[in-house]
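Peer 1: Residue numbers (the numbering used here), protein chains in the order written: chain A, 22 to 406; chain B, 21 to 408.
If you're looking for bench data, these hints aren't it; they were derived computationally from the structure. Ideal Cβ positions, reconstructed from N, Cα and C, are used throughout, including at glycine. Honestly, I wouldn't trust all of these hints.
[Said to hold, decoys possible] With a cut-off of at most 25 angstroms between alpha-carbon atoms, the simulated SDA-like pairs for lysine to any residue come out as follows:
id, chain 1, residue 1, chain 2, residue 2
1, B, Lys257, A, Thr178
2, A, Lys176, B, Leu33
3, B, Lys175, A, Val279
4, B, Lys81, A, Tyr114
5, A, Lys395, B, Lys257
6, B, Lys81, A, Gly177
7, A, Lys153, A, Glu213
8, B, Lys64, A, Val279
9, A, Lys216, A, Gln129
10, A, Lys216, A, Val279
[As the list claims (entries may be wrong)] Okay, the calculated bits of chain B under chain A, using three or more residues with CB under 8 angstroms as the criterion:
id, segment
11, 37-47
12, 148-160
13, 169-180
14, 303-314
15, 352-360
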Amino acid sequence: MNILKILVRNAFRHKLRSILTIIAMCIAILAFGLLRTVISAWYAGVAASSADRLVTRNAISLIFPLPLAYRDKIRLTDGVKGVSYGNWFGGIYIEEKNFFANFAVEPQTYLALYPEFILPPDQLRAFLTNRKACIAGGRLAERFGWKIGDTITLKGTIFPGNWELLLQGIYRGRDQTVDQSMFFFHWDYLNESLKKATSGRANQVGYYIIQLTDPERAAEVCTAIDKNFKNSLAETLTETEKAFQMSFVAMSDALIWVIQIVSGVIIVIILAVVANTMAMTTRERIGEYAIYKTLGFGAFYIWGLIWGESLVITLSGGLLGMVLTYPVSRVFSNAVGTVFPVFNVDITTIYMDLGVALTVGTLATILPARHACKISIADGLRRVD
Amino acid sequence: MKIPFLYSVRNLLTRRLTTVFTAGGMALVVFVFASLLMLSEGLKKTLVDTGSEDNLIVIRKSSTSEVQSSIDRLQASIVETQPEIAFGADGQRLSARELVVLISLSKRGSNKPSNVVIRGIDKNSLKLRPQIKLIAGRLPRPGSLEIIGGENIVKRFQGVGMGETLSFGMRTWTVVGVFDAGKTGFSSEIWGDVDQFMQAFRRTVYSSILFKLRDPQRFSDVITRLEKDPRLTVECKRETTYYRDQSQALATFLRILGLALTLIFSIGAVIGAMITMYTAVANRVAEIGTLRALGFQKTSILVAFLAESLFLGLIGGITGLLMASVLQLASISTTNFQTFSELAFSFHLTFEIVYKSIAFSLIMGFAGGLLPALRASRMNIIEALRAS
């Protein structure tokens, strides 16, 4: 217990310096934690995907549709429990910067496939019975101040025109990982309008969502479906929802890579700051270390003293940073709006924070401690700084 | 009287380890600052260079990119009859009807899929884009299943190398050439005959019409006429504006990321400099007292310590910039969210970034040194002399 007292007393002998170092450490851990959270927010779609769902899309790329007729063929495939379908609508609400994901889906089957979207029964009924109805996620409704019964006009970018929709429900997520910033309306509304305007584009589906009877059979069912449509005008690519979401993440992996490097750089920066503090501390106390040595304490003990002091500083800064990560990430998440629909601090991020604090505390002492241990007693006592 | 500048420099040299740690921390901050600005600048340069001032591009109204756009043959013909369009050497109007779609290809090495722009070109497409040079093979023959690939795509994606084949739209396409479009977005595209692509993708409509103006100054007349024509539902932009709009979101994202990160990081580095300078002051109390007793003014002391700190920042800034300038050799390829397709761009160092980085490092040095220098200058002579 006494040794801990010495460490803390030593650490705060030079109050201003220690407090400044602790603040720097706290900021570094905060920045590191936020960057890790940004990366995990990128993977939110992957984390939220379910093992028993598959996605079928056009093999050429996502911008090409599939015929509606595939629905029944897919349903007949062995191992398929349910099928739903939809289109990425890509509508703009008032201005381009108000971006949010909006889809035209077959509502009954789609909501059945996604039990994580919780919609009150009366709102569900109202949504299903009105073809011009739409539903929005809780966060999205909050962002624009939408209330049930509001008319929302989307300007189509892929499907031209102004699309008027009646908000009939606001869904909530089953847990924190569910994206509450999406927007859904009836695929039939889109399709019937297309039949009138550009009939060539009607009866086309952007993607199919498939529910499996048994998640174990995913690979087998994927192959079976794709084989069914081989050598047709619209060949399909079927993969698990996880792989589908992963393909979006992979598209921007260069950016994720940049953020990862940057979060590494912050560790090196803080390492330099802490190492500097420790170097100055040990230089000032060379005489004391010589006295310790004279009293018979070994080099190992002195190294322990310096290491312990450094850990006191980095851990107190680190803990402060970890605690602050939660409120700051909430502020950040509100500030960026729906860019990152799901923005939660992972528990692994906290473990990594702790790891960083310990590593920095240890590495920062290597150079100063080596010097303090090596110096001979006579030199240490003689030296006046 | 002034304290010589060498005094400040010598002080930094005396405590080498501390100087290296402090300047190193600042160098890394400047490195992050400069490299993210360079990335954002490189992206902008790529997309701005892609367009030409003389060209106008016509896409469907309210579509934000060529991929979403559709223009049928009748509308295309109307657009092509505008009197402002320049004539080529063959006496034909210099306009190109093009088709732009995305196909999913796997990257070499990682095998990860990404969307690549595939552009159907007609005979005028190359004349309208003089920056494009064929560096291997030949151009695709009209009416054949031949394609050419941009240099960045050939390097990064499977099946696009010279002589290799790609299968899409129930046909097999042979790569007969590689083209270099410099640092433009076209280097990230695949080109082939527009009519063949329309057949293969079962499309009856074009994506965009591109034409060259006889007199580049008169672009606004054409734009107004085309957008007001009741037979057309189109939007018309200068090619440069069109490509600048495409990079807006990604460039803003990179810039905000860069600024936010460096702001946070710089607090850490400033604190580092502050710790160093406070210690420098604390270790030299007697020295400061002597200087004051010799007749140096308070301001001279203040200036000497500030100079030391500024010099520390300058070392950091220059080191960070040198590290960042090496990045110009590297390039990065990612998906542009706005077009949903792959785009390669490189780090681009401009003079503006250089002086911003140096200014930034000096500000860090100043912020870190100000409080300690004030403390040094305010010391009482007698107490300071007694401290030793």
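Peer 1: Hints first: check each against the structure and report whether it holds.
Peer 2: Evaluation of the provided hints:
{"no.": "1", "hint": "B/Lys257 x A/Thr178", "in the structure": "holds (17 angstroms)"}
{"no.": "2", "hint": "A/Lys176 x B/Leu33", "in the structure": "violated (64 angstroms)"}
{"no.": "3", "hint": "B/Lys175 x A/Val279", "in the structure": "holds (21 angstroms)"}
{"no.": "4", "hint": "B/Lys81 x A/Tyr114", "in the structure": "holds (16 angstroms)"}
{"no.": "5", "hint": "A/Lys395 x B/Lys257", "in the structure": "violated (72 angstroms)"}
{"no.": "6", "hint": "B/Lys81 x A/Gly177", "in the structure": "holds (10 angstroms)"}
{"no.": "7", "hint": "A/Lys153 x A/Glu213", "in the structure": "holds (11 angstroms)"}
{"no.": "8", "hint": "B/Lys64 x A/Val279", "in the structure": "holds (18 angstroms)"}
{"no.": "9", "hint": "A/Lys216 x A/Gln129", "in the structure": "holds (22 angstroms)"}
{"no.": "10", "hint": "A/Lys216 x A/Val279", "in the structure": "violated (46 angstroms)"}
{"no.": "11", "hint": "37-47", "in the structure": "holds (count 6)"}
{"no.": "12", "hint": "148-160", "in the structure": "violated (count 0)"}
{"no.": "13", "hint": "169-180", "in the structure": "violated (count 0)"}
{"no.": "14", "hint": "303-314", "in the structure": "violated (count 1)"}
{"no.": "15", "hint": "352-360", "in the structure": "holds (count 6)"}
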